[in-house]
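Colleague: Chain by chain, the residues run as shown.
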Amino acid sequence: MGGYGDVKLLRDDGKRLDGRAIDEMRPVTIEAGILPAADGSAMVTHGLNVAVAAVYGPMEAHPRKIQRQDRAVIDVRYNMAPFSTGDRIRPGFNRRSREISKVTAEALESVVLVERYPRSKIRVEIEILAAEAGTRCAGITAASVALADAGIPMRDMIVGVASGKIEDTVVLDLDKAEDNYGQADLPVGLLPNTGEIAFLQMDGDLSIDEYNLAMEYNFKAASEIHEVMVDALKRRYEGGEA
Amino acid sequence: MSEGQVGAEQRLVTPGMVIGPSSGKRAGSGTITENNEFIATRVGWLNEQNNVVSVSPINSAYMPRSGDLIIGFVAEVRNNLWFFDVNGPFQALLPMSLAPWKVEFGSTRKHLGIGDAALARIQEVDETHNMVLTMKGVGLRRLNEGTVVSVPVNLIDTLRGENNAMLSRIRDATDCRIIVADNGRVWIHGGADEMRIARDLIQTLNKEGHKNTFEHAVQALENERGEQ
Chain F
0 MGGYGDVKLL RDDGKRLDGR AIDEMRPVTI EAGILPAADG SAMVTHGLNV
50 AVAAVYGPME AHPRKIQRQD RAVIDVRYNM APFSTGDRIR PGFNRRSREI
100 SKVTAEALES VVLVERYPRS KIRVEIEILA AEAGTRCAGI TAASVALADA
150 GIPMRDMIVG VASGKIEDTV VLDLDKAEDN YGQADLPVGL LPNTGEIAFL
200 QMDGDLSIDE YNLAMEYNFK AASEIHEVMV DALKRRYEGG EA
Chain E
0 MSEGQVGAEQ RLVTPGMVIG PSSGKRAGSG TITENNEFIA TRVGWLNEQN
50 NVVSVSPINS AYMPRSGDLI IGFVAEVRNN LWFFDVNGPF QALLPMSLAP
100 WKVEFGSTRK HLGIGDAALA RIQEVDETHN MVLTMKGVGL RRLNEGTVVS
150 VPVNLIDTLR GENNAMLSRI RDATDCRIIV ADNGRVWIHG GADEMRIARD
200 LIQTLNKEGH KNTFEHAVQA LENERGEQ
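Those sequence lines, one after another, are chains F and E. Going by numbering that gives the first Met the number 0, the first sequence opens with residue 0, and the numbers climb by one from there. Going by numbering that gives the first Met the number 0, the second sequence opens with residue 0, and the numbers climb by one from there.
With the rest of the complex left out, here is chain F:
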């Protein structure tokens, strides 16, 4: 398993290359309301990842053929900036960004109360300014905070986290080397209050036990990130009673 057998990802002391324990997350910081023009916005830094999300709407859905008479549509555009990685990324949509936009939109549709806004569109723009593995998770987290900031009603906020497998060991929150040379990657979008799963993808193979352990790590990390999300929203508005 794993095609890069000679890349060493775990140190002799059991820690990972960047010194984290196997169930340790990269540091996460979130700031809400950073873009004055958007109805809601957020910036998430997750390790070296930087994701900015902006939310516009609800607005009339155009073209009319995308309108739904009973609910709002969520239009997500995930994009990586050309300068976000070492190799320059050709600007514009590609296969990967289309896929991530689609899964993100479907995940968000499960929490946003879309039936409140028939015929409308809610536009979510996710821009990755710096990438270091796990950008779709950082993007989903940013989008959730931005939606909350825009005052769009939601059942819960989605937290994006990932676990994976390196050198036959399940680890939380893969960094770039671990993502590139590891054996598996399990990014998920979790609802921290109900414990539901809004989206789940898997790259590589995990046994059932490994999967269960990875999900355990993911839920643990999700509740940690969720606290940062709530804190970011509170910080934006604290200091004024209604």
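Simulated from the structure, these hints should not be mistaken for lab results. Glycine included, C-beta positions come from ideal geometry on N, C-alpha and C. Errors might be hidden in some of the hints.
[As the list claims (entries may be wrong)] Some but not every residue of chain E turned toward chain F, in silico, with C-beta under 10 Å: (1) 16; (2) 19; (3) 150; (4) 153.
Position chain E relative to chain F; hints supplied.
Modeller: Relative to chain F, chain E alone:
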């Protein structure tokens, strides 16, 4: 995650936060019930009144309701109707039969052109956001003079105060005619200086978004006026 308490002092809640058990109470706006618990769906301050638990959102888009007094700008004119931008997700329609004038087919542009502001009331909204306006009613008219400023929808109540107390204080202090519409637009009319003062006052509210700071600003203006 911190559990919300119903009935405590004002608490800031975030979407998905469990507010408390739903027994014997009803879910108001900004909340849903799931498994006999209230869950907040918006960022806002928690309220409980008459057994209804609700969240007053900090940031929200204008959602039109029938009966709302609105200030709209004409966005499109047809031969027999106007489309208004009412600060909502959809444009509202004013048929010529509900205009306050006797309008002949094809002469709609004589009365209201693109960009003109008008004070109107929402006649009805259906479940897919189709909106019909009416300008038949006391005080509903085309706004020819004055200026229109925007206020976030969630701050409208603060601007009006209880029983419009705050609004009449501002009217007295600034010597302006002021109409606060439900869709987050405020019409101000008076002398050039007075209008500027009123507009600055409303900008403080926009910037601070805070009841007490706004109250202080109004108080300061009243004192200043009293001394003159």
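Colleague: It remains to establish, for every hint, whether it holds in the given structure.
Modeller: Each hint tested on the structure:
1. Taking 10 Å as the C-beta contact cut-off toward chain F, the hint placing residue 16/E at the interface holds, the least distance being around 7 Å.
2. Because the closest C-beta pair between residue 19/E and chain F is about 13 Å apart, greater than 10 Å, the hint is violated.
3. The interface hint given for residue 150/E is violated, since its Cβ lies 15 Å from the closest Cβ of chain F, which is over the 10 Å cut-off.
4. For the restraint placing residue 153/E at the interface with chain F, the shortest Cβ-Cβ distance is roughly 8 Å, inside the 10 Å limit, so the hint holds.
Hints 2, 3, counting from the list given before, are not met by this structure.
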